[in-house]
Structure formats: C-alpha cells, structure tokens
Amino acid sequence: MTAPKESLAIVLTGCASGIGRQLATDLYRLGHRIVATDVNDEAMRRWGATHWPDPERVEILALDVREAEAWERVLDRAEARFGQIDVLMNVAGYLVARWSHETSVADVGLTIDVNVKGVIFGTNAAVRRMLRQGHGHVINVASIAGIVPVPGLAAYCASKHAVRGFSVAVAQEVREHGVQVTVVCPGPVATPMLDVQLPRDEAAITFSGARALAPEEVSTAIIERALGKKPLELVLPAPRSGQRVMAKLVGAWPELGSLVEPVLTRIGRRRQERMRRR
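Residue 250 in numbering that gives the first Met the number 0 is what sits at position 251 of the sequence shown, and the numbering runs on without skipping anything.
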C-alpha cells in the first residue's frame, strides 16, 4: 500500500479484533487520522497502545452500534476532534451458526440489531454530516452471504442481504450530493467470527473454499479498491473458490443453490474436520 495524498479522518467500528482492527492499524500506518470504536473498548485500547501510539491521530471510543444516541455522540466527538468526517467504515458484526429453527430469539435480535440497525444508524448519522460538508464516503462491510444464502447462517444471511440492499439504496440517494457509498462483500475471513463456526456442523459450507481470506488481505483490498476507487460494490471471494461466480449465479437464480449446496457442503465438511483435528 502506498501513502495517501492526504490524511483522511476515518471513523471505524469493530476495532477490537478482526477486519476492523486490521483496517484501523493499516490506515494508521498510512498516516490517516482514525476514530477507532468497539463495544469492547478495553481490548481495543490494549491493542492501540502498541499499534496506534500517536494520540494526535487517534481517538479510541467505546461504541455500542445498536444505540442511535451513542452514534451521535461518537460522530460529534469525531467532528470536534478532526474537523470533519471523511469516511465511515461500518465493520462491526455478529454471527451465530445454527439452523434457523434452532436459533434463539435473543440471537436473532442481536444479529439484526448489530448487523442491520447498527449499520443503518451509523450510516444515516454520518451521511447527515457528510451532506452538510459536501463530501464523504461510507464503506459498509457486508458479506458474500449478503449475495447468496448460506444454510446454517440464515439469520446472518438475512442481515447481510439487508446491509447490501440498504447500502445500494442509500448510494443512489446521496451520489448527486458528493457522498459515495460502497458495500464490501468478503468471503470467509480468518477472524474470531470464523472460529465460532468451526465446531458447528451447520456451518460446513463456510469452509468449502481452499482457504479463508486473511484480515490483511481484506484490509488491503478495502483500502486500495474500496477507499481508493469508491465502487458501489466490492466482492472479495476466497482464493480458488469460485465464490464470486457462484454468489452472483445463485443470487440471481436461487434454484441453483439446491444443485451446488450438497457438493459444497461435502467439501466444506471434510475441510472443517481437518481443521478441527489440528
């Protein structure tokens, strides 16, 4: 990654681990000013003490994305600290691997509250400020599961389909006013969210690719291709998996899913079992 021409003021969610933490770290290294947020602010602060040491370019704030009022406080603080908000990156997410009929009411609620309401609240609050300043870029991290349904992750799929649809709709609403919206749809990523799926037979299809993406790969792609080029959608399939093509095909013709699902499940289950034995 090359150094940017200017230092942007970037607000990120989900910075205690996974993609969010990697993005914040890479953006900091590139010289950007970051407002790193997470509901787990203790873990975030421990990481930040070593990896984001310059207090002039970093603000670390606790944020529960489910609370609209908390979003207003965080974005007000970001504006006060850095003068404006150039970019919002919605990365925080929640996943539970269960057959839909076995998923608890609490888990359904948390999935929708974090993955959908959190993105909507944050995007709307940021867009209001970006419209006033005449520019801005919102990057919402959805998933390949937001394009193609994945058995065993029904509630998660529903939430990510919602994020994708919401992002595309908002992009059309604000594009004539200097504000861009990008939705990023990565395949499986080697983060704690993938770890929780490993012991669950329901999540076998998640492991059908040759390997999971590394957080570093996703972060680099988001910075160079989403932040750099501002596309409407960026799909990041797992290497050598055919996920990009399958996602688009099955998304357009859901009946194809019943044909490929048994094959992908068998492949995924074998790889899942090998990973469990390690």
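Derived from the structure by calculation, the hints contain no laboratory data. Treat the hints with care, since some could be wrong.
Here are the simulated DSSO-like pairs of lysine-lysine, each with C-alpha atoms no more than 27 Å apart in a straight line [what the hints assert, rightly or not]:
1. K247 to K229
2. K229 to K116
3. K116 to K247
4. K228 to K247
Sort out which numbered hints this structure fails and list those numbers smallest first. The structure conflicts with no hint, since it agrees with every one listed earlier.
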